[in-house]
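From just these sequences and the hints, can you work out the full model?
If you read the protein sequences in the order shown, they are chains D and W. Under UniProt numbering, the first residue of the first sequence carries the number 1, and numbering increases by one thereafter. Under UniProt numbering, the first residue of the second sequence carries the number 1, and numbering increases by one thereafter.
There could be a bad hint or two in this list.
Since the list can't tell identical chains apart, any single copy or any two copies may satisfy a pair.
What the hints assert, rightly or not - Calculated cross-link-like contacts (lysine-lysine; reagent style DSS-like; alpha-carbon spacing at most 25 Å):
no.: 1; residue 1: K56; residue 2: K104
no.: 2; residue 1: K239; residue 2: K225
no.: 3; residue 1: K75; residue 2: K10
no.: 4; residue 1: K202; residue 2: K234
no.: 5; residue 1: K58; residue 2: K104
None of these hints come from the bench; they were simulated from the model.
There are 2 protein chains.
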Amino acid sequence: MDITWSNFKKQLPVVCQAIAEADFLAIDGEFSGISDGPSFTTLTNSLDTPEERYEKLKAHSMEFLLFQFGLCTFKYDDVKAKYIIKSFNFYIFPRPFNRNSPDKKFVCQSSSIDFLANQGFDFNKVFRDGIPYLNQEEERLLRDQQEEKRYHTNGASTTCYMYISPDASRAPVVPVIPDDQKDFIDKIVYQRKLIYQTMNWKFPRGTHVETVESPNNERRMIITKVDEDERKNKEIQKKVKEQEDLNNAVGFSRVIQAISSSSKLVVGHNMMLDIMHTIHQFYCQLPNDLEEFKSLTNCVFPRVLDTKLMASTQPFKAIISHTVLAELEKRLQMPPFNPPKVESAEGFPSYDTAVGQLHEAGYDAYITGLCFITMADYLGSFLSPPQTHVSVQSDVISPFFNKLFLMRITDIPYLNLDGPDLLPTRDNVLHVTFPKEWKASDLYQLFSAFGKIQVSWIDDTSAFVTLTQTDQVQIAVNISRFAESYCVQKYAEYVAKKDRQSLSKRKRTDDGWMDFERKRTKTQYNLDQTFSTKKSINSVEEEPRPVSPEESEVLKEDTASPTASDAAESSKRPKTETDQAGIYYVFYFVKLLSRARGGQR
Amino acid sequence: MDITWSNFKKQLPVVCQAIAEADFLAIDGEFSGISDGPSFTTLTNSLDTPEERYEKLKAHSMEFLLFQFGLCTFKYDDVKAKYIIKSFNFYIFPRPFNRNSPDKKFVCQSSSIDFLANQGFDFNKVFRDGIPYLNQEEERLLRDQQEEKRYHTNGASTTCYMYISPDASRAPVVPVIPDDQKDFIDKIVYQRKLIYQTMNWKFPRGTHVETVESPNNERRMIITKVDEDERKNKEIQKKVKEQEDLNNAVGFSRVIQAISSSSKLVVGHNMMLDIMHTIHQFYCQLPNDLEEFKSLTNCVFPRVLDTKLMASTQPFKAIISHTVLAELEKRLQMPPFNPPKVESAEGFPSYDTAVGQLHEAGYDAYITGLCFITMADYLGSFLSPPQTHVSVQSDVISPFFNKLFLMRITDIPYLNLDGPDLLPTRDNVLHVTFPKEWKASDLYQLFSAFGKIQVSWIDDTSAFVTLTQTDQVQIAVNISRFAESYCVQKYAEYVAKKDRQSLSKRKRTDDGWMDFERKRTKTQYNLDQTFSTKKSINSVEEEPRPVSPEESEVLKEDTASPTASDAAESSKRPKTETDQAGIYYVFYFVKLLSRARGGQR
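Shown next as structure tokens:
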């Protein structure tokens with residue numbers, strides 16, 4: 001169901017109802033762009049740390065607009081033994097709601113826009129009829145403005161309570177009236193007083209005064225004869241109207257608030273950017289610190305599941321070769337998987353996966369939900385007794401909770417929202433700095449003695465070089481000591497140095513940090529209130545603990561080693577990162593099976 | 001006539017023909033936004049110098065996209081005694097044309113998008129079917145790539161000639177083949193050679209080899225049996241195809257190139273931003289220096305006329321109170337003006353000014369042209385004998401050539417593209433610096449002894465304060481010498497200090513500047529070629545000369561002095577600039593009349 005500004009108010013209760021009754025929700029966002037860097041590789045280096053990846057996405061992706069949000073709610077019907085779905089396709093646009101509203105700017109990336117255009121995306125629905133939104137800070141500001149307005153209106157004076165100035169925090173200005181204008185002002189003030197006096201004398205039963213603004217921004221004072229009851233009624237009407245205006249301005253953020261406070265499982269596919277954009281656009285500015293971001297995400301989306309991560313993990317990894325959403329959906333329709341039975345709720349149009357409407361957010365959310373159900377049910381087949389339907393409460397899916405897929409990082413498959421991230425040693429990796437003039441060939445030449453290498457460019461003068469054998473790392477470092485033009489260090493040394501730098505940097509900017517903290521706390525007011533029973537923002541362990549043996553159990557990738565043609569291909573594109581995956585994956589399935597075999601559910 | 005990518009190639013000759021036969025052209029652009037600053041006032045201070053205004057527009061407006069370009073051509077038909085018009089409405093979008101094309105990003109401003117949406121603007125036409133474009137640098141790069149490709153294809157090897165890397169200027173990389181892959185590569189190279197040999201032996205009459213790319217980016221080599229003639233034909237076909245690809249990629253820029261090389265008079269309304277965007281988007285990056293910009297504009301648009309400046313200048317100023325395009329158009333339909341007779345050319349839909357389609361670029365261009373004709377004809381009525389039709393060659397309009405209206409600058413009405421700008425003394429203006437905490441009221445208080453003042457904010461800690469009487473300036477400066485919290489200097493002193501600073505800054509960055517110059521010269525290659533007979537870029541006088549008495553003849557504004565209610569209003573909005581115009585206008589009309597009465601035409 002398409003939801004635009006035209007039908008938003010009418011359909012909002014339907015949306016909230018669907019969320020409230022659902023077993024789980026699937027979401028998907030479409031953005032006006034992905035990366036403001038020179039290319040997508042600006043965002044991804046295969047040896048990024050989770051911190052670095054988060055920083056890159058924050059720096060290079062958040063200026064774009066999330067302008068279509070897909071929500072598909074899934075409710076299991078025990079009688080029919082199938083999921084009943086309700087799918088919504090929201091069009092979103094930061095429409096200015098009045099003359100004081102923030103005039104937001106956002107970036108568009110041609111390739112993304114062109115891609116969506118080719119999919120038949122309706123830009124007019126976004127720009128002409130998109131649903132507005134406010135983040136929590138903006139909502140608070142608007143609420144404050146309304147209260148201040150009410151305070152002043154009820155008080156003695158009706159002086160200016162709102163104005164636009166380069167620094168909006170300044171207090172209203174007391175006008176200084178030049179001598180030659182004093183008579184004029186005095187006369188006007190006198191006349192105004194006279195009108196009020198006459199009004200009170202002529203209409204002793206009372207009057208109601210309100211200021212209305214015409215469509216062409218002219219402001220008029222409307223005075224109505226009323227008795228006390230009518231006056232009170234008018235006041236109440238006014239309050240209701242104000243509340244409605246506020247609700248209108250908050251707009252789509254109310255849907256996200258409903259999702260958030262439902263605490264339902266939220267399923268997405270490769271959902272890191274979806275989550276970052278959603279928080280950034282509808283809640284608050286993203287924090288600089290990754291741990292902060294994790295806590296914030298836990299507050300906004302207490303339980304998430306990423307189907308791309310799920311499909312890339314055993315036992316699925318062994319039988320699913322492509323995890324791009326469309327490919328995954330196709331693969332999951334074939335054995336050993338059983339496509340689930342779903343049915344659109346009454347009044348909701350049903351999607352036909354045979355024709356598909358890929359990259360419409362509502363449809364993508366729907367497909368994502370289907371993939372999740374299929375994979376969950378597949379895990380159920382390993383239980384004893386086997387289950388054909390696995391509920392979202394089942395232990396077989398809980399290992400996938402709160403882990404976000406990390407694109408193209410070879411040895412850290414996911415961002416762990418519930419604790420510290422995996423910490424691979426990367427002891428076969430070198431950090432190399434070199435002159436700007438160097439090409440990829442120079443690096444291959446330099447390390448030619450060590451056999452096959454992988455180069456991951458950081459910038460024009462540095463790169464990671466991954467050697468095949470760990471014991472050659474020390475040799476490479478030793479040799480480099482005689483070199484003047486380049487410098488080689490072990491990955492661990494590089495990271496340690498970088499951590500020291502960022503620590504001292506953070507200390508230096510302490511004030512700014514505390515300032516941010518203070519602001520954030522304020523912004524999180526509603527969040528904290530809503531989730532006071534849940535893990536508080538500061539309760540996450542800050543100290544990195546050693547990775548448990550279970551978590552660090554990794555598998556070598558099962559595809560054949562890259563062929564020479566891959567090497568030739570990568571040498572043709574010297575500075576794009578090599579896509580070859582190296583070491584792979586946390587093996588949850590061991591845990592899953594042992595649990596499943598041991599007991600109930 | 002709407003022109004999108006679907007009909008662009010078919011209609012381009014029609015557009016070029018219309019330009020070639022026209023007496024003059026009217027243009028208008030619609031942008032995805034105006035200012036990336038906190039508000040529109042970021043762009044305008046009523047005491048900006050032309051240099052400052054240009055810098056502000058360049059810094060805060062160029063990230064937006066010119067996505068609709070209106071062109072209306074006007075050709076006078078002597079027999080019918082009316083103008084025949086052809087109006088075009090181009091939809092423009094930086095569509096990526098192949099996998100190597102630049103992935104452009106642009107900013108959208110909610111208020112601008114919302115404004116256009118309310119006018120019924122069709123965003124789908126832009127994003128789904130917009131015409132692509134390249135600037136001159138990009139066109140040159142693409143041409144070079146094609147030539148390099150051709151060179152390599154004709155040469156011995158077919159190695160990689162194009163690739164994407166963080167630094168595209170690097171040379172192709174010689175692949176270093178690891179030992180364990182050498183056999184594999186040797187075998188492939190041998191097999192390839194074998195295929196070529198067999199081909200030459202099997203098909204002695206000759207073969208044609210070409211690489212084609214399928215829609216899903218797979219590349220295949222196609223080998224066709226051909227004799228010598230066929231081979232040559234194929235080569236020619238290929239060249240034609242490449243030229244076509246290039247033309248397609250250059251896209252809308254070809255329309256601007258046609259306008260430019262026609263040297264026709266280009267009329268716009270408040271056209272500074274239109275010109276800046278047009279050059280920025282379709283020619284080259286805007287220079288940092290205003291003089292450079294003027295020279296560049298002279299090359300791209302040798303003759304321009306701004307109807308907003310015309311309407312704000314005598315004799316029109318005295319009888320036209322509003323110069324906003326829609327208001328101006330209405331006013332010019334009433335006496336003493338005679339609305340001109342115009343007719344749409346055959347096959348072109350005619351606009352109805354009664355219903356209007358304001359803010360569609362093609363319509364706005366049309367209206368702008370009408371306004372120009374009406375005002376020009378009005379000037380003709382003062383000639384002896386009076387003329388009902390004034391041609392674009394007439395002396396009565398030449399004083400308005402190459403002067404761009406400067407929004408909201410009270411004492412410098414226009415940017416003079418043909419020489420130095422007006423240099424008002426501003427000897428009743430003070431530059432004041434003060435603590436961040438100061439409000440407008442503090443400034444009004446401080447200068448309350450001097451009667452009515454005007455405050456133009458520069459930033460949080462400085463402002464211009466305009467006094468009513470020049471002789472009080474020295475008193476204010478004298479008093480300030482005893483103050484510690486604020487600092488007052490005369491406008492002239494402030495400017496002198498600023499000029500010294502910018503001069504030393506420019507000296508420091510000399511290398512960067514020369515680097516830019518070098519780049520610009522390269523980029524301007526086509527421009528310089530096209531306009532070699534015109535004023536060369538460096539021929540503009542660099543030394544500011546004193547303003548001639550004729551030019552500096554200014555008139556006090558003829559509206560009543562601002563009332564006290566204005567003062568109260570401006571004190572309510574402390575940091576927005578006061579809109580009240582102070583001193584006004586160069587009085588061309590004196591010159592006009594004296595010329596007109598003196599002579600022929």
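Hints versus structure:
1. K56 with K104: Both ways: K56 and K104 sit 22 Å apart in one copy and 19 Å across, limit 25 Å.
2. K239 with K225: within (19 Å within a copy, 83 Å between copies)
3. K75 with K10: Only inside one copy: K75 and K10 sit 22 Å apart there, 54 Å across copies, limit 25 Å.
4. K202 with K234: So K202 and K234 pass the 25 Å test inside one copy only (20 Å; across, 96 Å).
5. K58 with K104: Both: 18 Å inside a copy, 20 Å across copies.
Consistency with the previously given hints is maintained throughout, with no hint failing.
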